[in-house]
Amino acid sequence: NAGVTQTPKFRVLKTGQSMTLLCAQDMNHEYMYWYRQDPGMGLRLIHYSVGEGTTAKGEVPDGYNVSRLKKQNFLLGLESAAPSQTSVYFCASSQIAGEIQETQYFGPGTRLLVL
Amino acid sequence: AQKVTQAQTEISVVEKEDVTLDCVYETRDTTYYLFWYKQPPSGELVFLIRRNSFDEQNEISGRYSWNFQKSTSSFNFTITASQVVDSAVYFCALSDTGRRALTFGSGTRLQVQP
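Protein chains in written order, with the working numbering: chain S, 1 to 115; chain Y, 1 to 114.
Looking at chain S on its own, in the form it has when it is part of the complex (with noise of 0.2 Å):
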């Protein structure tokens, strides 16, 4: 049971790349998100899902795609990198029953620099 997985745990991009992001977990979660963390201060909602086949804004959602074809992965994507989105990534996930929230399990992050 590997939990929440993130690939790659590191990447320099050029201003202008583009580059996937992948997130997987093993726990059978409904719920996806994807965080990012910049110095000083706590994570930031990105993109989110629900379930397989859907997904949503958070509070930073310029920028960046998101997509959720299969039930365990959750992708990232950035289309045309810039130095802003040089951040910590983290992406977690979280089953919920009605009006029960489990936990929210992270997965390693994933450092993104943009020159």
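Because the hints were derived from the structure by calculation, they are not lab data. Relax, there's no trap hidden among the hints.
Here are the simulated BS3-like pairs of lysine-lysine, each with C-alpha atoms no more than 27 Å apart in a straight line:
{"id": "1", "chain 1": "S", "residue 1": "Lys-57", "chain 2": "S", "residue 2": "Lys-71"}
{"id": "2", "chain 1": "Y", "residue 1": "Lys-70", "chain 2": "Y", "residue 2": "Lys-38"}
{"id": "3", "chain 1": "S", "residue 1": "Lys-9", "chain 2": "S", "residue 2": "Lys-70"}
{"id": "4", "chain 1": "S", "residue 1": "Lys-9", "chain 2": "Y", "residue 2": "Lys-38"}
{"id": "5", "chain 1": "S", "residue 1": "Lys-57", "chain 2": "Y", "residue 2": "Lys-3"}
{"id": "6", "chain 1": "S", "residue 1": "Lys-70", "chain 2": "S", "residue 2": "Lys-57"}
In this text the structure is predicted, and so the values were computed from the model without any measurement.
With the hints as your guide, set chain Y onto chain S.
Only chain Y this time, still in chain S's reference frame:
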């Protein structure tokens, strides 16, 4: 809109001291969940506790304890007899009933000196 405030940016203590990390939140939801996560220097986020808005009982887990007070919208975290391994950034977070996503505070960096 939801908000989580961790007013203490950085705290430095000497080993074996007790330390309390403050967390104040704002929400219009009547049902919500509060969380604490630890982020050690290695960077991963480690879950510490989850508490729902209907359960105001304080909780103790080893050297860790949490004080939830709905009347003051606070969910404070105390480490008793701190150790060097407690050095980390600690985040308080609040979930919403819609997206079920977390709103994080800006974190408190705790440094425990030997």
